[in-house]
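Protein chains in written order, with the working numbering: chain A, 3 to 122; chain B, 3 to 122; chain C, 3 to 122; chain D, 3 to 122.
Incorrect hints may appear among the rest.
If several chains are the same, the list does not tell them apart, and a pair holds so long as it fits within one copy or across any two.
Here are the simulated lysine to any residue pairs, SDA-like style, with alpha carbons at most 25 Å apart [said to hold, decoys possible]:
#, residue 1, residue 2
1, Lys101, Asp61
2, Lys20, Gly91
3, Lys60, Arg108
4, Lys20, Asp6
5, Lys101, Ala57
To be clear, the hints were calculated from the coordinates, so they are not data collected in a lab.
Listed below, chain by chain, are the residues.
Protein chains: 4
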Amino acid sequence: MKPDRLIDIASLEAALQKFADDRDWSQYHSPKNLAMALTGEVGELVEIFQWLTEAQSKDVARDPNTAQAVRDELADVFIYLVRLSSVLGVDLNAAVVAKLAANARRYPAGESSSSRGSPR
Amino acid sequence: MKPDRLIDIASLEAALQKFADDRDWSQYHSPKNLAMALTGEVGELVEIFQWLTEAQSKDVARDPNTAQAVRDELADVFIYLVRLSSVLGVDLNAAVVAKLAANARRYPAGESSSSRGSPR
Amino acid sequence: MKPDRLIDIASLEAALQKFADDRDWSQYHSPKNLAMALTGEVGELVEIFQWLTEAQSKDVARDPNTAQAVRDELADVFIYLVRLSSVLGVDLNAAVVAKLAANARRYPAGESSSSRGSPR
Amino acid sequence: MKPDRLIDIASLEAALQKFADDRDWSQYHSPKNLAMALTGEVGELVEIFQWLTEAQSKDVARDPNTAQAVRDELADVFIYLVRLSSVLGVDLNAAVVAKLAANARRYPAGESSSSRGSPR
Chain A
3 MKPDRLIDIA SLEAALQKFA DDRDWSQYHS PKNLAMALTG EVGELVEIFQ WLTEAQSKDV
63 ARDPNTAQAV RDELADVFIY LVRLSSVLGV DLNAAVVAKL AANARRYPAG ESSSSRGSPR
Chain B
3 MKPDRLIDIA SLEAALQKFA DDRDWSQYHS PKNLAMALTG EVGELVEIFQ WLTEAQSKDV
63 ARDPNTAQAV RDELADVFIY LVRLSSVLGV DLNAAVVAKL AANARRYPAG ESSSSRGSPR
Chain C
3 MKPDRLIDIA SLEAALQKFA DDRDWSQYHS PKNLAMALTG EVGELVEIFQ WLTEAQSKDV
63 ARDPNTAQAV RDELADVFIY LVRLSSVLGV DLNAAVVAKL AANARRYPAG ESSSSRGSPR
Chain D
3 MKPDRLIDIA SLEAALQKFA DDRDWSQYHS PKNLAMALTG EVGELVEIFQ WLTEAQSKDV
63 ARDPNTAQAV RDELADVFIY LVRLSSVLGV DLNAAVVAKL AANARRYPAG ESSSSRGSPR
């Protein structure tokens, strides 16, 4: 977890900025609105899984009935999350690196699961 | 939108796999469970914005009272989303590239906003 | 499903209106904000279930570790939902009665589950 | 806030139980699954509001383009919430009464908003 570069999303951030600018959509892209849009997309993603058992959920991306939908919804969530971080001016890589370091301190490897709170 | 490489999350995927393995958490990481964990984190992110005006929401990452929380919640959402894609075996870069291409066809640049459905 | 009175929430609507008025909170209670608050509370509710198996989830209200939390989160979701309907001027009983009638037409009793889409 | 009967949902609980039994759906209605279904419906509700200003959001139930959708989504959220409480065996009225009493203690009327945390 040491590396300080775990993700690279700069090209996507630029593509999303251009996409919004080309359509005059930046006026709608307040962080508040984008957080709501993120919620909506997560809701669509969750709907794919809601009636499946945990075992069934593992096959969702291979099942011809759900493979395309799950890819689309994962992409939509990703796109809004990156767009939200971007308009907020948050360096998502730095935030992720810091959070993983905090998680590593909070949940040391090798301790028994039962002595901890919720697993991550 | 032409490049076929918009994001690079391979290092994070590997780090999350190792993190889970080191704690024996992979047993909990069914797609169904991870989709729920993603929901929970999005809920925490939304709570930061819920009583703010759109204008106020733009300053969230600069306000000392919320800057750390918003970075943490964005990171948590990102981490669970990448972990979910990973256990599903979905190539998130390919999914994002395909979705942006579909969005570009669906919402051509230059058309007036009022003639379309919801902006993105 | 025939009765036209399935729920009665008038007393709660009045109590929530008074509660908001007494604290000068109605200014924050736009439908947009309340929809976000609802999201946040649903996220907290989901977090109780995210790492549990379906079987374990059935005992959540009897487990001393989770019984109070699940009651509190269910109540929070209910409160925000009723408040949201109230500020929108929606008659929630009429909406529920109409939706159940529509569901009964869409999913006739006695048809095999496999011939339908997602169960409800 | 004194009355110990703020809501009456018994008829709806019975109707939902019968609806599920008639379709053999109770097997799908674990609390975990219902919590996910609730998430999905809240996501659909939020999508109605995501690009609207707070002022615009107040007219959603009167706008012919959104009035039916908002009633349907409010009803769906309500239905799943009541069904979830029901299968958990939670007395939702008691939970709501207790939560409002706790809120009244936590946020006394008459104190200035700025001296408190998030408004409710």
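Exercise for the section: Any hints from earlier that this structure breaks? Give me their numbers in increasing order, please. Expected result: Hints 3, 5 not satisfied by this model.
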